[in-house]
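If you read the protein sequences in the order shown, they are chains A and B. Under the numbering used here, think of the first position of the first sequence as 1, with each following residue one higher. Under the numbering used here, think of the first position of the second sequence as 1, with each following residue one higher.
Treat the hints loosely; a few may be bogus.
What the hints assert, rightly or not - Lysine-lysine pairs mimicking DSSO-like chemistry, simulated, CA-CA at most 27 Å apart:
hint : chain 1 : residue 1 : chain 2 : residue 2
1    : B       : Lys482    : B       : Lys423
2    : A       : Lys80     : A       : Lys90
3    : A       : Lys482    : A       : Lys456
4    : A       : Lys333    : A       : Lys57
5    : B       : Lys25     : A       : Lys60
6    : B       : Lys332    : A       : Lys299
7    : A       : Lys325    : B       : Lys57
8    : A       : Lys339    : B       : Lys60
9    : A       : Lys50     : B       : Lys50
10   : A       : Lys237    : A       : Lys476
11   : A       : Lys60     : B       : Lys57
12   : B       : Lys50     : A       : Lys60
13   : A       : Lys339    : B       : Lys262
14   : B       : Lys57     : A       : Lys339
15   : A       : Lys456    : B       : Lys101
16   : A       : Lys299    : A       : Lys57
Source of the hints: derived by calculation from the structure; they are not laboratory data. None of the values given here were measured: they were computed from a predicted structure.
What follows is each chain in one-letter form.
There are 2 protein chains.
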Amino acid sequence: MAKELKEVINKEENYSQWYNNLVIKAGLAENSAVRGCMVIKPYGYAIWEKMQAALDKMFKDTGHVNAYFPLFIPKSFFSKEASHVDGFAKECAVVTHYRLKNDPDGNGVIVDDDARLEEELIVRPTSETIIWNTYKNWIQSYRDLPILCNQWANVVRWEMRTRLFLRTAEFLWQEGHTAHATKEEALEETRKMIGVYADFAENWMGVPVIIGRKSDSERFAGAEDTLTIEALMQDGKALQSGTSHFLGQNFAKAFDVQFANKEGKLDYVWATSWGVSTRLMGALIMAHSDNNGLVLPPKLAPIQVVLIPIYKGEKELAEVTAKLKDIAENLKKLGISVKIDDRDNVRSGFKFAEYELKGVPIRIVMGPRDLHNGTVEIARRDTLTKESVSQEGLPERILNLLDEIQANIFEKALKFREEMTTKVDTYEEFKEVLENKGGFILAHWDGTPETEERIKNETKATIRCIPLDAPEEDGKCIISGKPSKRRVLFAKSY
Amino acid sequence: MAKELKEVINKEENYSQWYNNLVIKAGLAENSAVRGCMVIKPYGYAIWEKMQAALDKMFKDTGHVNAYFPLFIPKSFFSKEASHVDGFAKECAVVTHYRLKNDPDGNGVIVDDDARLEEELIVRPTSETIIWNTYKNWIQSYRDLPILCNQWANVVRWEMRTRLFLRTAEFLWQEGHTAHATKEEALEETRKMIGVYADFAENWMGVPVIIGRKSDSERFAGAEDTLTIEALMQDGKALQSGTSHFLGQNFAKAFDVQFANKEGKLDYVWATSWGVSTRLMGALIMAHSDNNGLVLPPKLAPIQVVLIPIYKGEKELAEVTAKLKDIAENLKKLGISVKIDDRDNVRSGFKFAEYELKGVPIRIVMGPRDLHNGTVEIARRDTLTKESVSQEGLPERILNLLDEIQANIFEKALKFREEMTTKVDTYEEFKEVLENKGGFILAHWDGTPETEERIKNETKATIRCIPLDAPEEDGKCIISGKPSKRRVLFAKSY
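Starting from the given sequences, assemble the full structure and let the hints guide the process.
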C-alpha cells in the first residue's frame with residue numbers, strides 16, 4: 001500500500017489528480033451512481049461530524065437555535081425576489097410528479113402521468129424564500145425579533161462539472177437565517193458570523209483566511225452585501241470557504257414580512273443569511289495534505305493517536321498490547337481519541353502508511369525493547385519526525401504535542417500564504433505573478449465592473465474580496481490608472 | 001395565555017385536535033407552504049437534537065459509524081428488488097428536469113423542457129437500493145465485513161393525508177444499513193438494534209414498548225423479517241415507533257454484492273436495515289402530555305429547570321434574580337440545563353402556563369419571602385404538585401427529582417399500558433373491547449393472512465406484532481378456531 005500510494009499521489013505532478021486520489025484512497029468520499037452526487041464515506045463523515053459539532057457549538061454560543069425547513073420550494077417562490085431568481089435559481093432539481101407505477105409492458109416502473117403536480121417543486125438550492133415565507137407568520141412585533149435560526153441540511157445545485165467536496169450537485173451545509181428589527185443589528189450579525197467562520201477556519205481547521213467584502217458582481221443574489229472568508233490552497237488557488245450576507249429588507253419585502261416597531265409603526269424586517277458547506281472538507285484536505293496523504297489538525301481528527309505494537313510471536317504481541325492498552329486508557333482520560341491497531345494480518349509498515357494516508361496526527365509505536373526500556377516511539381504526521389520518549393508523563397506530553405501540531409499546521413499554512421501573497425502595481429506584473437507564481441495578488445482596482453470583467457476574461461483571476469482590514473493607501477488601478485484607495489485581493493479560484 | 005390554552009386543548013373531547021393544537025402552541029412544528037411538509041420549529045428541533053444525540057451515541061457504542069448517501073435514486077434501481085418495488089416505492093417525489101428558465105411571457109420562471117433528465121431521479125423514500133449499489137464496490141472479501149453504517153437524513157414519501165410528526169411527506173430519520181458475512185450475524189444485528197430502540201424508547205422517552213415480529217403482511221417490502229417496537233398512546237391507539245429488518249440476501253442478490261468467504265468461495269452478503277424517525281416526536285408528545293400541555297421526560301427536555309422570580313418593583317427583582325442566578329449556576333455545574341425567565345413584561349401566571357405548555361419538568365419559583373427564609377417553591381410538571389423547600393442542598397435535590405420524574409413518567413405510561421392491555425378469547429369480546437376500551441388486545445390467531453385481513457376490514461385493528469417474549473400457550477384463533485401457540489398483539493394504530 002505504501003508503494004501503491006506513492007505511485008499515484010504526487011501533488012507536484014498533477015494537483016487535481018492528487019486531490020481526487022487522496023479523497024478516494026483515504027476513504028473520505030466517492031462518486032455515486034447519481035451524476036454529481038457523492039457518497040461521504042465513514043472516515044470523511046467523521047471529520048464532517050467534528051466540524052459540525054464545533055460550528056454548532058459556536059452558533060449556539062452566539063445565541064442561535066436550530067430548526068428545520070422543507071426540502072422543497074414551490075417554483076413561484078423563486079420569482080418573488082427579482083435579483084435572487086436572476087442570479088441564482090436556474091440549475092435546480094425540479095420535482096414534477098409524485099407517483100411511479102408499474103410499466104404495463106413489464107419493464108420495471110415508470111412515472112405516472114396522472115400524478116403531475118399542479119405547481120412544480122424545486123429541491124432547495126438555498127432556503128431564503130421558503131424561510132422568509134415562514135417567518136411572515138412568526139413575526140408581528142419587535143418583541144418577536146430577533147429570530148436567530150440555523151438549519152443543517154442538504155441542498156442541490158445542478159452543477160455540470162463536479163469535484164468531490166468542492167463542487168457537487170448535492171452537498172451538506174448549514175444555513176443561518178436571521179431576522180432583525182434594525183439595519184444596524186443585521187449588519188452586526190453579518191459581521192459577527194463571518195467572524196465565527198474565520199475563527200473556525202483558523203483555530204479548528206488550521207486554515208488562515210482573509211475576511212473581506214465581495215465586489216458587486218460576486219455578491220450573493222438578493223444580498224446587499226456579502227462578506228467572505230478566502231483561503232489559499234497549496235496550488236496557489238483561492239477557495240471561498242464561507243459567506244455571510246446582509247440581505248437588507250429585500251426578502252422581507254418580497255414575502256411581505258413587516259413588524260410593529262416600538263413606536264407602533266410598521267416596518268420591513270432586516271435579514272442576514274450565512275453558510276458553510278462540505279466544501280470546507282475540500283479546503284481542509286487541500287490546505288495541509290502532502291504526498292503521503294492527509295494531514296489533519298488534531299482538533300478535527302477522528303483518531304488523534306494511533307498505537308501500534310511491534311512484535312514477534314503471540315507472547316510479545318500480548319505483552320506489548322497490554323501496555324499499549326494502559327497507555328490508551330490514560331490518553332482517553334484526557335479526552336484524546338485513540339485507536340490501537342493490533343491486527344496480525346498486515347505488516348506494521350503497511351499500518352504506518354495507512355495512518356499517514358489518513359492523517360492521524362500522532363503515531364505511538366512500541367516494541368519489546370521499548371517495553372523493557374519504558375519508552376515508546378512517537379511519530380508526528382505533520383513533520384514526519386520520530387523520537388523515542390519515556391513512558392513517564394506520556395499522556396501530558398501527547399496532549400501538549402497535539403496542541404503543538406495544531407499550531408504548527410496553522411503556522412505552516414500561514415507562512416505559505418504570506419509567501420504566496422504578492423503586491424503588484426502594474427498589469428504586466430499582475431499577469432507575470434499569476435502565471436509563474438500564483439497565489440493571492442494585492443492590487444489597486446478602480447472599483448468598476450468593467451475592469452473586473454476584463455481582468456477575469458484575460459487572466460481567469462477574480463476579485464476574491466476587498467479585505468476588511470486593508471489599510472488605506474493611495475494608488476492607481478492597474479488597468480485604468482484611475483485613483484484607488486485600497487488594494488483588493490485577486491486570485492484564480494476553485 | 002393560560003386561559004386561551006385551556007379553551008383549545010382538551011384531549012378528552014377531541015384527541016386528534018388536542019394533539020395538533022399542542023404541537024403548534026408549544027412551538028414544536030407547523031405546516032409549511034409545501035403540502036405535507038412541516039417546519040420543525042426551534043423548540044421541537046431542540047428535542048429532536050437530544051433524541052439524535054442519545055441515539056447516535058447508542059449506535060456508536062454498538063460499533064456503528066455514520067456516512068452519507070445521495071438524496072436521489074435512479075428510477076431503475078427500484079425495479080431491481082421485486083418485492084421492494086411492489087410494496088413500496090410508488091408514492092414518491094420524482095425529479096424529471098434540472099433547470100428553470102425565465103418565462104418568455106415575463107411570468108417568473110418555468111421549467112426548461114430542454115433540461116429533461118435521461119432517467120428520472122426519485123427523492124429517496126428509504127435508501128436500501130442506492131446503498132447496496134454502493135456497497136457492491138466496498139465488499140470483496142469477508143475481511144471487508146461487517147459494514148455497520150448509519151445515515152441521518154431526510155426522506156420523502158408522498159403521503160396524501162398528513163399529520164405533524166406522525167405522517168409527513170418529508171421527514172427526518174436515521175437509517176442503519178449493515179452488511180454481514182453470515183445469516184446468524186445479520187439476525188443478531190437485527191435483534192440488537194430493535195433492542196437499542198426499545199432501550200431508547202423506555203429509558204429516554206419514558207415510553208414502554210412491546211418488542212415483536214411483524215406478520216407477513218405488515219413486513220417491510222424486501223425484508224425477510226421485520227422486528228418492531230409498539231407503543232400505546234393515551235387514546236388507546238398503537239404507534240409503531242421503530243423497526244429493524246432482516247433483509248436476508250435479497251438486496252445483495254438484486255445488486256450483485258458477493259464476497260469471498262474464508263474458504264475462498266463466493267457468497268451473497270447478508271443485510272439488515274433499521275430506522276426511527278421524527279415520528280418518535282409524535283410518540284413522545286402523545287404518550288405523556290395532558291391538557292396543560294407537554295410533559296417531557298427530563299432526559300429529553302431542552303430546558304430541565306426554569307427559574308422564575310416573584311417580585312414587586314425593581315429592587316426586589318434584582319435581589320431575587322441575583323439569588324436565582326446563583327442557584328442556576330450550581331445546577332449547571334451538575335449538568336442540568338436551566339433557564340431564568342426574568343421578563344418584566346409578562347405576569348408570572350403567564351410564565352407558569354407557558355412552561356407547563358412547553359413541558360419543562362421542574363419550575364423553581366422564588367419571591368422576597370423565600371429569599372428571607374432561605375426557601376424556594378418547586379413545582380413538578382408531571383404531577384402538577386408544589387412544595388416549599390430549603391435552598392440548602394437544592395442542586396442535589398433537583399438532580400434526584402429529575403431522576404424521579406423520569407422514572408415516574410415511565411411508570412405512569414407503563415401502568416396505563418397494563419390497564420389498557422386486554423386478553424380476549426372470542427371475536428365478540430375482541431370487538432367489544434376495541435369499541436369500548438381500546439388499547440392493546442392479546443388474542444390467539446391462526447397465523448393466516450386471510451384471518452388478519454378479515455379482522456382488519458371489519459374492525460380496523462391490525463396485528464401490531466407477535467411479541468418476542470409471548471409465552472407459549474395453547475389456544476384457538478378467535479376467528480377460525482384453529483389451534484394457536486401464542487397470543488399476538490392487536491390494536492388500532494397511527
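Evaluated hints:
1. B:Lys482 x B:Lys423: 18 Å, holds
2. A:Lys80 x A:Lys90: 14 Å, holds
3. A:Lys482 x A:Lys456: Roughly 18 Å separates the two Cα atoms, so the pair holds.
4. A:Lys333 x A:Lys57: 22 Å, holds
5. B:Lys25 x A:Lys60: 24 Å, holds
6. B:Lys332 x A:Lys299: 26 Å, holds
7. A:Lys325 x B:Lys57: Within the cut-off at roughly 22 Å; holds.
8. A:Lys339 x B:Lys60: Roughly 15 Å between the alpha carbons, so the hint for Lys339 of chain A and Lys60 of chain B holds.
9. A:Lys50 x B:Lys50: Distance of about 17 Å is within 27 Å: holds.
10. A:Lys237 x A:Lys476: 25 Å, holds
11. A:Lys60 x B:Lys57: The given pair, whose Cα atoms are some 21 Å apart, holds under the 27 Å limit.
12. B:Lys50 x A:Lys60: 14 Å, holds
13. A:Lys339 x B:Lys262: 26 Å, holds
14. B:Lys57 x A:Lys339: 18 Å, holds
15. A:Lys456 x B:Lys101: 26 Å, holds
16. A:Lys299 x A:Lys57: Within the cut-off at roughly 14 Å; holds.
Taken one by one, the earlier hints all hold for this structure without exception.
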